[in-house]
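Visitor: Now for the letters of each chain:
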Amino acid sequence: DAGITQSPRHKVTETGTPVTLRCHQTENHRYMYWYRQDPGHGLRLIHYSYGVKDTDKGEVSDGYSVSRSKTEDFLLTLESATSSQTSVYFCAISEWAIRNQPQHFGDGTRLSIL
Amino acid sequence: AQSVTQLDSHVSVSEGTPVLLRCNYSSSYSPSLFWYVQHPNKGLQLLLKYTSAATLVKGINGFEAEFKKSETSFHLTKPSAHMSDAAEYFCVVSEGRGSGGYQKVTFGTGTKLQVIP
Numbered sequence: 001d002a003g004i005t006q007s008p009r010h011k012v013t014e015t016g017t018p019v020t021l022r023c024h025q026t027e028n029h030r031y032m033y034w035y036r037q038d039p040g041h042g043l044r045l046i047h048y049s050y051g052v053k054d055t056d057k058g059e060v061s062d063g064y065s066v067s068r069s070k071t072e073d074f075l076l077t078l079e080s081a082t083s084s085q086t087s088v089y090f091c092a093i094s095e096w097a098i099r100n101q102p103q104h105f106g107d108g109t110r111l112s113i114l
Numbered sequence: 001a002q003s004v005t006q007l008d009s010h011v012s013v014s015e016g017t018p019v020l021l022r023c024n025y026s027s028s029y030s031p032s033l034f035w036y037v038q039h040p041n042k043g044l045q046l047l048l049k050y051t052s053a054a055t056l057v058k059g060i061n062g063f064e065a066e067f068k069k070s071e072t073s074f075h076l077t078k079p080s081a082h083m084s085d086a087a088e089y090f091c092v093v094s095e096g097r098g099s100g101g102y103q104k105v106t107f108g109t110g111t112k113l114q115v116i117p
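Chains A and B, in that order, give the protein sequences.
If you're matching positions, the first sequence starts at 1 in our numbering and goes up one per residue.
If you're matching positions, the second sequence starts at 1 in our numbering and goes up one per residue.
In short, the hints are calculated from the structure, not lab data.
You may find that some hints are simply not true.
[Claimed, not checked] For lysine-lysine, the following DSS-like pairs were computed, each having C-alpha atoms within a straight-line distance of at most 27 Å:
#: 1; chain 1: A; residue 1: Lys11; chain 2: A; residue 2: Lys70
#: 2; chain 1: A; residue 1: Lys70; chain 2: B; residue 2: Lys42
#: 3; chain 1: B; residue 1: Lys42; chain 2: B; residue 2: Lys58
#: 4; chain 1: B; residue 1: Lys112; chain 2: B; residue 2: Lys68
#: 5; chain 1: B; residue 1: Lys42; chain 2: A; residue 2: Lys57
#: 6; chain 1: A; residue 1: Lys53; chain 2: A; residue 2: Lys70
#: 7; chain 1: B; residue 1: Lys58; chain 2: B; residue 2: Lys69
#: 8; chain 1: A; residue 1: Lys57; chain 2: A; residue 2: Lys11
#: 9; chain 1: B; residue 1: Lys112; chain 2: A; residue 2: Lys11
#: 10; chain 1: B; residue 1: Lys49; chain 2: B; residue 2: Lys112
#: 11; chain 1: B; residue 1: Lys112; chain 2: B; residue 2: Lys69
#: 12; chain 1: A; residue 1: Lys11; chain 2: B; residue 2: Lys42
Go ahead and model the full structure; you've got the sequences and the hints to work with.
Guide: This is how it looks when you write it as structure tokens:
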């Protein structure tokens with residue numbers, strides 16, 4: 001299995017509080033992705049990174065920010081959490097951004113916002 | 001634009017009987033296609049991938065899928081279901097580099113497979 005660790009694995013917090021999720025990889029892959037998984041929607045891309053300090057928005061980026069200061073770490077921040085951000089969040093990595101390159105996933109963070 | 005449709009949200013089979021999970025895709029290019037499996041409270045694990053070589057692709061745990069361009073389908077099959085196959089399965093299409101320079105992939109909404117003893 002690809003060396004991807006997400007932390008925390010579970011978190012419960014209140015509306016309006018900041019939340020940071022961490023993804024750590026040991027594969028030295030260039031590309032890292034944050035997705036959210038919601039019933040009936042599959043996985044949707046929030047933000048991605050194509051190198052240290054190089055990030056960009058995905059399809060559902062509103063309310064989220066990211067940072068990547070080291071190759072191995074990709075942080076997802078909810079500046080002021082809302083109940084609509086209750087979801088399961090997955091980090092993924094890939095070595096190249098080409099069509100036949102599969103992405104490899106962490107085990108997810110289950111986030112509940114009350 | 002690319003899209004993926006998983007035709008069944010739930011499939012129930014008896015242990016030892018064949019499994020068929022259906023996936024149709026739409027793509028403007030020659031895509032790559034993947035199947036992933038997700039067990040409860042776990043991430044997505046790659047089962048198999050099609051990348052324009054052989055149209056019949058074999059994956060892990062006895063699963064295989066056949067790419068049919070004329071039908072725009074990539075159905076997942078297994079001859080005999082095991083209890084351990086109970087999970088959610090995702091069909092994924094990738095056209096490659098999107099406008100932002102990342103690998104644009106689109107996920108289906110998933111099929112939950114139940115295996116009855």
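Visitor: Checking against the hints above, which ones are violated?
Guide: As far as the earlier hints go, not one is violated by this structure.
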